[in-house]
Structure formats: C-alpha cells, structure tokens
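Undergrad: This is what each chain is made of:
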Amino acid sequence: MKTYPIILLALVSLFMHACIQDDFVDDEVDPILRINESIDSLEINTSYQYEATYLNNVGSPESVDIVWSSSDSEIIEMTEDGLATAKAEGSATITASFDDGNRALEATNLVHVGDNTTIVEQASIMGFIETTTFYDLEGDFIYEETETGTRLSFADNYVASAGLPGLYIYLSNNRNSIANALEIGGVETFSGAHSYEIPDVGLMDYQFIVYFCKPFNVKVGDGEF
Amino acid sequence: MKNTITSLLIVFVAYGSALAGGPWPQLKGNGYFKLSEWWTVFDQHYTDQGLIDPNLTTGIYNTSLYAEYGITNRFTTIVNFPFLSRNYVNNLRSGTTGDIIVAGDAINTIGDIDLGLKLGLTKPGASVPVALTLFLGVPTGTDIAGAEGNLQTGDGEFNQMLQLDAGKGFNLGKTSAYLSAYTAFNHRTKGFSEEFRYGLEFGLGLLSEKLWTTAKLNVVESLKNGDTAENTTNTSIFANNSEFSSIELGLNYYVSSNFGISASVAGAIRGEIIAAAPSYSVGIFYDMK
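If you're matching them up, the sequences are chains F and E in order.
Residue numbering for the first sequence follows this note's numbering, starting at 10 and increasing by one per position.
Residue numbering for the second sequence follows this note's numbering, starting at 946 and increasing by one per position.
Because the hints were derived from the structure by calculation, they are not lab data.
Please note that a few of the clues may not be correct.
[What the hints assert, rightly or not] Just so you have them, the derived chain F footprint on chain E, three or more residues with Cβ under 8 Å:
1) 984–993
2) 1042–1048
3) 1170–1176
[Stated by the list, open to error] Cut-off 20 Å, straight-line C-alpha distance, at most; resulting in silico cross-link-like pairs (EDC-like, lysine to aspartate or glutamate):
4) Lys223(F) - Glu60(F)
5) Lys223(F) - Glu1139(E)
6) Lys1169(E) - Glu1139(E)
7) Lys1169(E) - Asp31(F)
Because the structure is a prediction, the values reported are computed rather than measured.
In this text, a Cβ means the ideal position worked out from N, Cα and C, and glycines have one as well.
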C-alpha cells in the first residue's frame, strides 16, 4: 500500500509538467528592397522624394540606410536622402541599394524627364488563392486600389472549408507567417463571390494573402499579389 | 456552438473503465472507484476530409475521479469528475529569429462532469447480461478561454446519452474472458452535432485474474447536424461534426483483492476534426466488493 502515495505524486507531477513549450515555423524569406512609389516621368526643374522599404529575412519592415543613385546625374540628380531633381531632358535610372552584409539588394526606377510628373499607377492585381493543407481553399481574386485603401474581391469560383473553425484572412509580406501581417478579419463567406474593403493600405504594401486558422495556429492557404 | 477534442476524448476515460461499466451493474453496496490521469498531446489532427494536417502543439490533461456504486442489484450510479483539467497550446515562434509570433496559453479548471445511471435489464448472473445507461454530460468545465478563445476544459453544452450494453463472460481454456458490445445515441445541445456510438470490448483475465488485459473499439458517428463555421464565429479548437474510430488497449492489475493499478493507450484510427495522436491514461482503482 505504500506505493499508492508514490503513484499519486507521479500523477500530479505528470499534470504539472504539461508546460507550454515552443513550436517553430519556417518563416525565412529572401530580403527585398522596393521603391514605395515609382514614377514614369519627372517634370524638369522639379523634385520628387523617393521612399523605399526594406523587408528583412522574415518579411518585416526594417529601417536601414539606403543608398540612392542616378545613372545620369546631369539629367536627374539624387541626394543621399532620396530626393530626385530633374536637371535636363532625357532618361535616367534611379537606384536604391542596400547591402545587408550577406547580399546586395537593389530596386530601380526608369524615369523620363519631361513636361510633367506622373506616378506609376497600378490599378489592380489579379491572382488566385490555394490551399496549403487538406482543407478546401481556392479561388481567383482581384486586388485593386480604392479612394480609401484597397479592395480584395473574390470570384464565383472561391470556396473555403466551413469545417475549420477560426479561419482568418491576412495581408502579409511573408507567406508562412502572420507576424507583422494585417488582419483583415474572420472568414464569413465560404463560397462564391465576395469582397473586403481594406482602409489605409496601399496596393503594393503587401505581397501575399494568408489564410490562417487561429485555433490551430497554422496557415491554411495563401495567394500572391 | 463549440465542440472540443476535450469533450470527445473524455469518452475514453468516462466510459472506458475496463473492469467496470459494460452490461454488468454493481451489486448492491458494491462499488468501483478510480483515480486516473488522462492526457494527450498532439501536433496534428484529422481534417473534415479525414486527412491529417498539422496544428500547433496542444496538450490536454485530466485528473479524474471515476466512481460506480450499486444502489440496488439492478441500479448503479456513475460519476466521472475531472477535478483538475489543463489545456495548453505552445508558443508559435519564428524559426528564423526565434521571436514569438503567437504566445502560448493555458488554463487549469475542472472539466465537464458526467453522471450516469445504469439499469440492469437482466437479472444478476444472467448468461448474457444487458444494461441500459443514461449519461448526462454536465457542462462544469470552461468552454472558452485564452486570448484566442481556443482553450477549453469542457464543451459548454448539456448532453444526454442513452447507451445499451450487452456482454458475455466465458472461458478460453483455463483463462477467464469477456466480450461486450454497446450502442448509444448522444443527444447534444447548443448547436452540437448528435452522435451515434457503438463499440466492442474484449477482456482477458491472466495470472489468476490478477491481470486483465483489454482491447476496445469505440466508434462515434456524427449525424453532421451541428453548426459549422458558416453559422458561428466561435474559435474553439475543433468545430462541430467530429467523429472517429479508436482502438484502446488497457492493462488492469490487482495489487490486492481490492486495489489495483491501470494503464491504457487509445488512438483514433480514422476521424474527422479530431486529434491524430494517441491518448494515455494511468490510474489506481479500488474495487469494493
């Protein structure tokens, strides 16, 4: 009978040792550098302030020292802060560059100096989402700019499994992670056309749509812009 | 509406006592009492299509008291009380930076209590005993907890299950054995799917019936009439309409004429919306006869 207290202690010990541990997700991506808003042309004798975003190896924005340069300083002159000034008619390539120690990253913008300044407009992006699990998820989408932000519209062929609880949709710069992602909201439509209005977001701010199951904490599917 | 792996897998504990239960009510004044620890830790699950997908590692631990007591030779009361129930999920960390993406979480409460009343439909000692049992699932556990609302130690609904058991004891040579079968209907509330259940249990008494080895098949067939994500925003671990077939293997060893220790392992061999990992149970029991 002396063994029973030991067994009891073992039971309690077993319970108490059920501690929270760590699961890891493979979220490494190639860092990228991108110019936030490119221009087609720059009016002569005017200036345009460039901005660029560096996304690190997990797709998170990170402040870095970007080097700005012009392929022809006599046509477009660049300051180290990214201010471009059109000096003469012609064309020049503006380059933003950053070396993170492992690789040199560049983003370029071919600019014509002319009578006016025009910003590159990309009205919409088409793509498709697909499942990365055994839960149904697929459909075509259009991602477009609106006056207040963006709109993500899914086509009639969209379908998502209703058997999975807590399915959420995100915009992210890492297709395997929702860290630093923008949560659009819980999925409430599981088939057919529907759309999401996303305020205060630019068309090029994110690279991926990510469907994520909160209760399971796993990605269910994704789409690329 | 919510449904949990907790509530579903508790089936293994509540109704899985190899030396008690079945079609054999306790005789008047007799009883069976068991203190056990049941747990499962899983990082994958069966999807709604019956295929296996990963999930963040989740653990469920129940420390329970199970009791049967014979009021008369025909009526037996049953209680399963998980007085300590723990549900946790791991941290989700970046494999690149090590940063926490989603913080882990845990709750410790009591679980859902199951109450039962078994009626022997045949006289004690019948060659093929038959019994009818009414189980009531009392939602004493916590059905929504944690930052994401996905932790739970109960399902939050009051269910009623009617179960019919039949069995037969016999000898295999000089070895005692028994075979029993059950079928049940589980009526559930609050948008949960109802269930048809059935199973078989085979037991073999070795070492002069000091050691009982058991093998059990449990099947839960969902009527698939519960809520889904289309009509609920609940983020419980599992949606409704879960079902499974499981195999359970157990050992029960009588240390003395009344006291014993038990251990079992169970796991789903097919399923939908349920963990794809084994569950374990160890315990001590007192067979009052």
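Undergrad: If a hint holds in the structure, say so; if it does not, say that too.
TA: Cross-check of the supplied hints:
1. 984–993: holds (count 6)
2. 1042–1048: holds (count 4)
3. 1170–1176: The restraint on the region 1170–1176 of chain E holds, since 3 of its residues have a Cβ under 8 Å from chain F and three suffice.
4. Lys223(F) - Glu60(F): Given that 20 Å is the threshold and the Cα spacing comes to 34 Å, the pair is violated.
5. Lys223(F) - Glu1139(E): With Cα atoms ~26 Å apart, Lys223(F) and Glu1139(E) exceed 20 Å; violated.
6. Lys1169(E) - Glu1139(E): holds, 7 Å
7. Lys1169(E) - Asp31(F): With a Cα-Cα distance of about 34 Å, the restraint between Lys1169(E) and Asp31(F) is violated, given a limit of 20 Å.
The earlier numbered hints that this structure contradicts are 4, 5 and 7.
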